[in-house]
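Trainee: These are the residues of each chain, in order.
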Amino acid sequence: MSNQDGVPVGPVVTRRRVLAAGALAGFGAFLAACGAGGTKSAEPSASASESAAPSASAEATVAPSVEASASAEAAGATPSAELNWANWTYYLDYDDTTKKYPTLEAFTKEYGTKVNYSEVIDDNNSFFGTIKPALEAGQDTGWDLIVMTDWMAARLIRLGWMEELNLANMPDFTKNLKDIYKGLAWDPDMKHHAPWQSGMTGLGYAKDKTGELDTLEVLFTADPKWNGKVDYLSEMRDAVGLTMLDLGLDPTNPTTKDCDAATAKMQKAVNDGIVRAFKGNAYAEDLKSGDAVLSMAWSGDMVQALIDKPTLQFTVAKEGGMIWTDNMMIPNGAQHKGTAELLMNYYYRPEVAALVTAYVNYLTPVSGADKILVKDNPEIAKNPLIFPPADVMSRLHDFGALSEADEAYFNDAFAKVSGV
Amino acid sequence: MATVTPAPATPSSVQRLARRLDGSALYVFTGLAVLYLLLPVAVIVLFSFNDPAGKSNFVWQGFTLKYWLDPLGVPGLPQAVFLSLVIAFVSTIVATALGTLIGLALVRYDFRLQGATNALIFIPMATPEIVLGASLLTMFVSIGGPPFFPLSAVTILIAHIMFNISYVVVTVRARLEGFPRHLEEAAMDLGANEWTTFWKVTFPLILPGIVAAGLLAFSLSIDDFVITNFTAGKTQTFPMFIYAKYRIGIPVQVNVIGTLIFIIAVGTVGVTTLARIRADARARRR
Amino acid sequence: MGGFIKRHRWIAPYALLAPGVLWLLVFYVYPGIQMFIASFWSGTLETGFTFSVSNWTNYPDALQGASAQFVRSILYAGAATLLTFLIAYPLAYTIAFKGGHYKALLLFLVVAPFFTSFLLRTISWKIILGDSGLFLAPLKTIGLVPSDFRLLAEPVAVVSGITYNFLPFMTLPIYVSLEKIDHRLVEAAKDLYAGPWRPGGAIAGLVIGGLLGGVLGYIFEYSIPVFAIAAAAAGAIIGWFFISQSFTRVTFPLSLPGVFAGSLLTFIPAIGDYVNAEFLGNPGTTMVGNVIQNKFLVQNDYPAASALSFILMAGILVAVAIYARALGTEGLTTGRG
Chain C
1 MSNQDGVPVG
11 PVVTRRRVLA
21 AGALAGFGAF
31 LAACGAGGTK
41 SAEPSASASE
51 SAAPSASAEA
61 TVAPSVEASA
71 SAEAAGATPS
81 AELNWANWTY
91 YLDYDDTTKK
101 YPTLEAFTKE
111 YGTKVNYSEV
121 IDDNNSFFGT
131 IKPALEAGQD
141 TGWDLIVMTD
151 WMAARLIRLG
161 WMEELNLANM
171 PDFTKNLKDI
181 YKGLAWDPDM
191 KHHAPWQSGM
201 TGLGYAKDKT
211 GELDTLEVLF
221 TADPKWNGKV
231 DYLSEMRDAV
241 GLTMLDLGLD
251 PTNPTTKDCD
261 AATAKMQKAV
271 NDGIVRAFKG
281 NAYAEDLKSG
291 DAVLSMAWSG
301 DMVQALIDKP
311 TLQFTVAKEG
321 GMIWTDNMMI
331 PNGAQHKGTA
341 ELLMNYYYRP
351 EVAALVTAYV
361 NYLTPVSGAD
371 KILVKDNPEI
381 AKNPLIFPPA
391 DVMSRLHDFG
401 ALSEADEAYF
411 NDAFAKVSGV
Chain W
1 MATVTPAPAT
11 PSSVQRLARR
21 LDGSALYVFT
31 GLAVLYLLLP
41 VAVIVLFSFN
51 DPAGKSNFVW
61 QGFTLKYWLD
71 PLGVPGLPQA
81 VFLSLVIAFV
91 STIVATALGT
101 LIGLALVRYD
111 FRLQGATNAL
121 IFIPMATPEI
131 VLGASLLTMF
141 VSIGGPPFFP
151 LSAVTILIAH
161 IMFNISYVVV
171 TVRARLEGFP
181 RHLEEAAMDL
191 GANEWTTFWK
201 VTFPLILPGI
211 VAAGLLAFSL
221 SIDDFVITNF
231 TAGKTQTFPM
241 FIYAKYRIGI
251 PVQVNVIGTL
261 IFIIAVGTVG
271 VTTLARIRAD
281 ARARRR
Chain Z
1 MGGFIKRHRW
11 IAPYALLAPG
21 VLWLLVFYVY
31 PGIQMFIASF
41 WSGTLETGFT
51 FSVSNWTNYP
61 DALQGASAQF
71 VRSILYAGAA
81 TLLTFLIAYP
91 LAYTIAFKGG
101 HYKALLLFLV
111 VAPFFTSFLL
121 RTISWKIILG
131 DSGLFLAPLK
141 TIGLVPSDFR
151 LLAEPVAVVS
161 GITYNFLPFM
171 TLPIYVSLEK
181 IDHRLVEAAK
191 DLYAGPWRPG
201 GAIAGLVIGG
211 LLGGVLGYIF
221 EYSIPVFAIA
231 AAAAGAIIGW
241 FFISQSFTRV
251 TFPLSLPGVF
261 AGSLLTFIPA
271 IGDYVNAEFL
281 GNPGTTMVGN
291 VIQNKFLVQN
301 DYPAASALSF
311 ILMAGILVAV
321 AIYARALGTE
331 GLTTGRG
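Residue numbers (the numbering used here), protein chains in the order written: chain C, 1 to 420; chain W, 1 to 286; chain Z, 1 to 337.
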């Protein structure tokens with residue numbers, strides 16, 4: 001069990017504020033460069049600081065049932081018989097022995113709703129392609145709940161294709177959402193989306209081949225150790241964002257000029273034969289097989305990759321890294337909107353969120369989940385890739401919103417670099 | 001064994017050598033080609049016994065039987081495999097029937113719309129899959145009612161039949177071109193009507209072509225991802241399942257299922273072949 | 001039914017055609033027309049698209065933007081078609097003429113891999129061909145290839161992937177056309193052209209091999225002379241030992257309809273393929289299919305994507321027409337004769 005010291009927090013600070021400020025102040029001592037490799041050291045664990053911990057969190061077992069549900073029911077939503085939820089692969093806790101999703105089971109038990117849960121999303125754009133015609137025609141997509149990355153969420157909301165949430169159904173959501181997720185330009189009042197998980201984009205590399213790395217510049221520098229063995233991410237915002245950081249530009253406020261500079265820098269690396277390929281999640285396979293020794297990488301993937309190959313390392317470089325969020329939303333025309341809201345709210349109970357985090361290994365937007373994990377699953381709570389220390393959090397940037405014209409410009413320029 | 005000697009050798013000895021080389025080299029080549037075709041399958045089979053530490057099944061870690069004992073133990077996998085099989089079977093049967101009829105019409109008859117029909121067969125094959133998928137989806141949604149909408153196994157089936165027809169026509173045609181028409185004429189002369197002639201003479205002769213076309217259609221259908229992804233809606237086929245899992249790591253069970261499908265298919269054909277060999281032998285004895 | 005058809009013979013072809021053609025009209029042509037209209041759109045996803053004939057400029061614009069990928073698609077698909085032919089023909093020949101009782105089994109083995117997902121197969125190839133995979137690791141250990149040598153993320157990987165994936169498309173039609181050749185014709189030819197045709201075969205093999213090898217060397221971005229010389233030598237050997245006159249004068253011409261069908265079945269999907277380039281290639285090996293896919297799904301540039309699709313289809317149709325004239329008609333006539 002981890003110790004309970006951590007950073008002293010004054011009583012004036014509200015509980016939410018503490019968590020929001022990256023909670024993980026307790027990690028302060030933790031590695032400056034966030035080299036997160038296979039570190040197993042018993043570091044002080046996250047945010048054990050607060051005294052305000054709700055007692056409920058003490059029992060972090062599956063059945064979250066009784067205590068938190070009262071409020072939701074009070075709001076008057078009647079759960080429907082079924083609910084259709086589209087999510088990304090491996091994005092919900094799953095029990096190999098019972099062949100069930102424990103948190104979904106508990107939800108069904110509590111609300112009587114059978115959740116048709118499908119992990120059918122493998123790409124924002126291609127999933128968008130499959131729901132767009134229905135939304136355009138004002139039809140039901142068949143989904144009550146979908147999960148999309150923030151830039152796509154922004155687009156869907158901008159198009160007016162996502163239902164407005166009835167926050168009265170979602171008291172846990174309003175209570176437990178971390179502050180850093182609030183006030184985004186594309187949905188300032190959290191009327192249309194609820195964050196599901198977040199992730200960091202940084203450097204992934206095979207430490208045994210490259211040595212310790214802490215600058216993004218390595219991605220663009222010819223070196224016999226990694227020439228032709230560098231993967232770039234095929235997600236425009238991650239690749240361009242990291243390149244902008246390397247150039248000292250600010251990805252939270254991207255301009256077409258920045259885009260030109262970033263794509264020129266990438267193009268040079270491509271021409272120099274440094275870059276092997278632009279990949280989605282497949283870069284992780286390349287790192288594991290040795291076909292790549294250095295890559296732009298996502299934190300959750302790397303937690304998983306480390307299990308297979310402990311010599312891999314994930315680092316948020318000194319220039320910084322990107323942070324992105326996948327969000328739950330209800331498409332227009334959804335048949336079970338109220339129940340979808342209940343489900344979103346349900347996943348904002350810290351004890352439920354903790355179970356999801358322990359399985360998916362990404363950053364949780366739910367405050368209080370860390371505290372439960374400290375007690376329940378300290379390995380996860382101590383993992384700086386899942387609960388990054390404050391100094392790392394401070395170096396993460398989200399990719400700013402793009403106007404439609406700018407988005408087309410960025411996409412086009414990036415497509416050219418990646419060969420299409 | 002004679003050494004390779006150029007021109008001065010007598011024609012007969014060179015010829016003998018060439019014939020021997022011809023025979024054995026072809027067998028060796030065929031063996032290598034089959035090996036080349038099956039090598040990836042061997043790796044798939046091998047990795048169905050892998051025991052990866054994490055979710056990724058890419059690097060050999062150790063031997064285990066545990067995924068063979070639990071081949072469907074991944075949520076969504078059984079449904080996906082079942083759906084893919086059903087769609088492959090039904091679309092193969094329908095497309096092979098429709099395509100064979102078109103093939104017959106194109107080869108056996110001269111009619112005014114022949115050129116247009118030929119074009120109609122070729123152009124779908126010249127269309128990128130993604131265009132087929134996207135345009136079908138747009139149409140299904142614009143119709144907006146059952147059975148086209150909401151998207152379901154039915155819409156997948158419609159799409160698969162559509163893209164399979166052309167491949168069937170082309171394959172069947174290759175068989176029909178230069179078909180020995182005199183056999184049919186002989187049957188007719190002997191008093192058989194068109195119906196009998198077709199089933200007793202024509203059909204058995206073109207059957208290999210139809211079977212080849214069917215095999216092609218089945219393998220195209222069971223393997224299709226792009227078009228299916230656009231027309232599937234909430235349903236998920238086996239390739240879609242794999243694609244979705246590819247993001248983080250394909251479960252070992254997928255290799256197990258892949259191996260099983262392979263074994264069942266090869267086994268079925270193996271048994272049929274054996275049966276035919278035995279029937280041939282019996283016929284010869286008589 | 002037979003009687004009815006006999007009385008109205010003109011109906012017969014249309015009756016046979018009707019179900020299949022109807023299916024294609026409804027589920028291919030109609031959506032295709034919608035897509036054609038989309039290629040004359042302008043606008044964006046959010047502002048909406050408007051149709052105007054003056055947007056024909058979408059076509060030259062799209063073509064100009066993707067010219068490199070177009071050229072690459074043609075080269076890669078051509079190389080893959082050639083390679084599938086070189087592998088498939090002897091394979092189909094052996095199965096058809098020397099398969100004996102194992103004909104069906106061998107034929108099935110050709111298709112069998114394709115009953116497993118292409119994604120699994122592609123991953124298998126990545127495991128086999130990886131920089132330190134089953135194939136290269138031993139070669140690197142004994143120093144046969146330099147340690148930074150790679151096969152993946154190179155043109156050769158993309159072309160090989162396409163070759164592998166479309167091999168049955170070539171093998172099956174060739175097999176079908178070989179299988180129906182009347183053996184008595186071949187026997188008669190053997191009597192007629194008893195003498196071997198060694199110098200002719202060797203010279204033809206030398207020239208053809210050299211040319212094709214050079215082209216492959218160019219496409220793979222490897223040494224052109226090395227490829228040309230190696231292929232010329234292989235061609236000469238094959239021409240000397242294996243190519244008989246009865247083959248060049250009877251068997252091969254009679255199998256041309258199958259070769260024709262097989263190369264179309266390979267070349268056409270190959271030229272629109274994007275999966276192999278995506279999984280096995282690098283940013284310098286992308287094909288026009290990758291551009292279309294990107295424009296459809298990533299950039300939501302439907303007008304440009306539709307225009308590119310139609311350019312691709314038109315290009316294929318022109319190529320098919322030329323090919324049919326050059327080889328197909330001749331093949332068909334000899335096939336009938």
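If you are wondering where the hints come from, they were derived from the structure by calculation, not from laboratory data. Some hints here could point you the wrong way.
Short derived list, chain Z residues pointing at chain C, Cβ under 8 Å [as the list claims (entries may be wrong)]: (1) S42; (2) E187; (3) T286.
Below, a list of computed lysine-lysine pairs in the DSS-like style, where the Cα atoms sit at most 25 Å apart [stated by the list, open to error]: (4) W/K200 / Z/K103; (5) W/K66 / C/K265; (6) W/K200 / C/K309; (7) C/K207 / W/K55.
Each residue gets a CB set at the ideal place from its N, CA and C atoms; glycine is no exception.
Trainee: Hint by hint, where does the structure go against what was stated? Just the numbers, ascending.
Mentor: Failing hints, ascending: 1, 2, 5, 6.
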